[in-house]
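J.: Keeping the supplied structure of chain A fixed, place chain B upon it in accordance with the hints.
Number of protein chains: 2
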Amino acid sequence: MKTIDVCLSPELIHLYDVSDKTVVVVDILRATSCMVTALAHGVECIIPMASETECERMKSKGYIISGERNGQKIQGFDKGNSPFEYMEEDIRGLKIAFTTTNGTQAIEKSKGAKKILIGSFLNLSAITRYLLMSDDNILIVCAGWKGKLNLEDSLFAGALVDNLRKHIEPDCDAPMIARELYLSAKDDMMKFLSASSHVKRLNRLNIHKDIEFCLTPDLYHVIPILKRDRLVLL
Amino acid sequence: MKTIDVCLSPELIHLYDVSDKTVVVVDILRATSCMVTALAHGVECIIPMASETECERMKSKGYIISGERNGQKIQGFDKGNSPFEYMEEDIRGLKIAFTTTNGTQAIEKSKGAKKILIGSFLNLSAITRYLLMSDDNILIVCAGWKGKLNLEDSLFAGALVDNLRKHIEPDCDAPMIARELYLSAKDDMMKFLSASSHVKRLNRLNIHKDIEFCLTPDLYHVIPILKRDRLVLL
Chain A
1 MKTIDVCLSP ELIHLYDVSD KTVVVVDILR ATSCMVTALA HGVECIIPMA SETECERMKS
61 KGYIISGERN GQKIQGFDKG NSPFEYMEED IRGLKIAFTT TNGTQAIEKS KGAKKILIGS
121 FLNLSAITRY LLMSDDNILI VCAGWKGKLN LEDSLFAGAL VDNLRKHIEP DCDAPMIARE
181 LYLSAKDDMM KFLSASSHVK RLNRLNIHKD IEFCLTPDLY HVIPILKRDR LVLL
Chain B
1 MKTIDVCLSP ELIHLYDVSD KTVVVVDILR ATSCMVTALA HGVECIIPMA SETECERMKS
61 KGYIISGERN GQKIQGFDKG NSPFEYMEED IRGLKIAFTT TNGTQAIEKS KGAKKILIGS
121 FLNLSAITRY LLMSDDNILI VCAGWKGKLN LEDSLFAGAL VDNLRKHIEP DCDAPMIARE
181 LYLSAKDDMM KFLSASSHVK RLNRLNIHKD IEFCLTPDLY HVIPILKRDR LVLL
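Here the protein sequences come in this chain order: A and B. Position 208 of the first sequence, counted from 1, bears residue number 208 in the numbering used here, the numbering being contiguous throughout. Position 119 of the second sequence, counted from 1, bears residue number 119 in the numbering used here, the numbering being contiguous throughout.
Here chain A stands alone, though its shape is the one from the complex (with noise of 0.2 Å):
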């Protein structure tokens, strides 16, 4: 049978043998659900840079620069980390290099995968029924926030454990930690979340809606895939 298991922090990801596994990084707020909204809307390809600097030099060869520090949008950039950003018509085709806080920072840590892929609740079903299929291991990379674990990152590690629980079995505690904390969660996920200090700060920029939008499942049926540097749909 083959197993699953949650890497709460991507501080934590030398741990892990992800060699043989495919990887689903997750960065709930806002990164990994505004990749699925800018694929599902069009997008060409997203490249998923760690350093500001390096993103920035993109623009100069035909990308869009996307980007977030703490969750603002960096000065001069194109764009920033609101999924409402990357659901309107002209986004069609566009190549965006993207850099982020926490998220794009986990997909970098995770390289050297069998499979990287990209998960948030906006595509929970279709990451479900991929994993599924597939024969590989799986390893969820929460990107947490600065290296601490998050509630929001660890919820949806969570329910995608108990979409697979009959099928997969979990490699050690952490996807048994992250279960509970979606069963307990699960009714009412947002009111959950208003105790989250990433959510608290979050609330502080104004961006309620954002939130709303990516707590909501199986909006998109895409499954974006690191194929070399960048982010295609599969």
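I should point out that these hints are in silico values taken from the structure, not numbers from a laboratory. Among the hints, a few may not be true.
Note that the list lumps identical chains together, so a pair holds whenever it fits in one copy or between two copies.
Said to hold, decoys possible - DSS-like, lysine-lysine: derived pairs with alpha carbons at most 30 Å apart: (1) Lys166 - Lys186; (2) Lys186 - Lys200; (3) Lys2 - Lys200; (4) Lys95 - Lys73; (5) Lys166 - Lys146; (6) Lys115 - Lys95; (7) Lys79 - Lys146; (8) Lys200 - Lys166; (9) Lys146 - Lys111; (10) Lys59 - Lys186; (11) Lys115 - Lys191; (12) Lys2 - Lys191; (13) Lys114 - Lys146; (14) Lys191 - Lys166; (15) Lys79 - Lys191; (16) Lys146 - Lys115; (17) Lys191 - Lys146; (18) Lys227 - Lys200; (19) Lys191 - Lys111; (20) Lys73 - Lys2.
T.: Chain B alone, transformed into the frame defined by chain A:
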């Protein structure tokens, strides 16, 4: 208002500034449960040591040497990691050098903290009372299992956060995650833990009795504290 945070793995401790904090180190199965038991039964002091070789050297200096690796007593050592080895009459007045897979490593990594206390379910109320009276910010450091999170240490962290919640504010999401877990588990922790990877591992070693003992709240009203290199009673 002072704050409480939870470091769910010693591999994350670099993310926390411990210099102004009281750190509570916990390794429920079984290092910190043994330490609390031993000191409650009259042991003079315990030197926690990360290295097996250094621990062995203490034998010639008049210490009892205790140690466990991967759940089993180290060959040639006087005692292992079962709390029942630390409650006989002949334990009184002994000095012990102690090394374990996770617990003593977590203490080592917490050095630099303002204070280091040893927590377990066995002395949960004593620790709670002390922390309520202290002015310091608090960090609970879970020993986990070789860097990964485990259920039992996370549960203890959640119990302590729950006890303190009316007086001490959680500093981040980890305390909330731990508390939710504890609230799900508290009515039957033994059953809840039976699915944990570490408990499965320990059950193979026939130490069901140890596990039940380590989950017993408030058997002892003692607080072990690290003074220079040794644990003594506060």
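J.: Each hint needs a verdict: does it hold in this structure or not?
T.: So, going through the hints one by one against the coordinates:
1. Lys166 - Lys186: both (19 Å within a copy, 25 Å between copies)
2. Lys186 - Lys200: Classified as both: same-chain Cα gap 19 Å, cross-chain 28 Å, threshold 30 Å.
3. Lys2 - Lys200: Cα proximity of Lys2 and Lys200: across copies only (19 Å, versus 38 Å in one copy).
4. Lys95 - Lys73: within (18 Å within a copy, 58 Å between copies)
5. Lys166 - Lys146: between (33 Å within a copy, 27 Å between copies)
6. Lys115 - Lys95: within (21 Å within a copy, 52 Å between copies)
7. Lys79 - Lys146: So Lys79 and Lys146 pass the 30 Å test inside one copy only (22 Å; across, 41 Å).
8. Lys200 - Lys166: Answer is between: at 19 Å across copies they meet the 30 Å cutoff, but 35 Å inside does not.
9. Lys146 - Lys111: For Lys146 and Lys111, both the intra-copy (18 Å) and inter-copy (23 Å) Cα distances are at most 30 Å.
10. Lys59 - Lys186: Neither: 41 Å inside a copy, 54 Å across copies.
11. Lys115 - Lys191: Neither. Shortest intra-copy (34 Å) and inter-copy (36 Å) distances fail the 30 Å Cα cut-off.
12. Lys2 - Lys191: For Lys2 and Lys191, only the inter-copy Cα distance (25 Å) is at most 30 Å; the intra-copy one is 34 Å.
13. Lys114 - Lys146: both (25 Å within a copy, 24 Å between copies)
14. Lys191 - Lys166: Answer is both; intra-copy 28 Å and inter-copy 20 Å each pass.
15. Lys79 - Lys191: This pair counts as within: shortest intra-copy Cα distance 29 Å, inter-copy 49 Å.
16. Lys146 - Lys115: Cα proximity of Lys146 and Lys115: in one copy and across copies (24 Å, 25 Å).
17. Lys191 - Lys146: within (23 Å within a copy, 34 Å between copies)
18. Lys227 - Lys200: Result: close neither inside a copy nor across copies, 35 Å intra and 39 Å inter.
19. Lys191 - Lys111: Neither: 34 Å inside a copy, 38 Å across copies.
20. Lys73 - Lys2: neither (40 Å within a copy, 32 Å between copies)
Of the numbered hints given earlier, the model fails hints 10, 11, 18, 19 and 20; all others are met.
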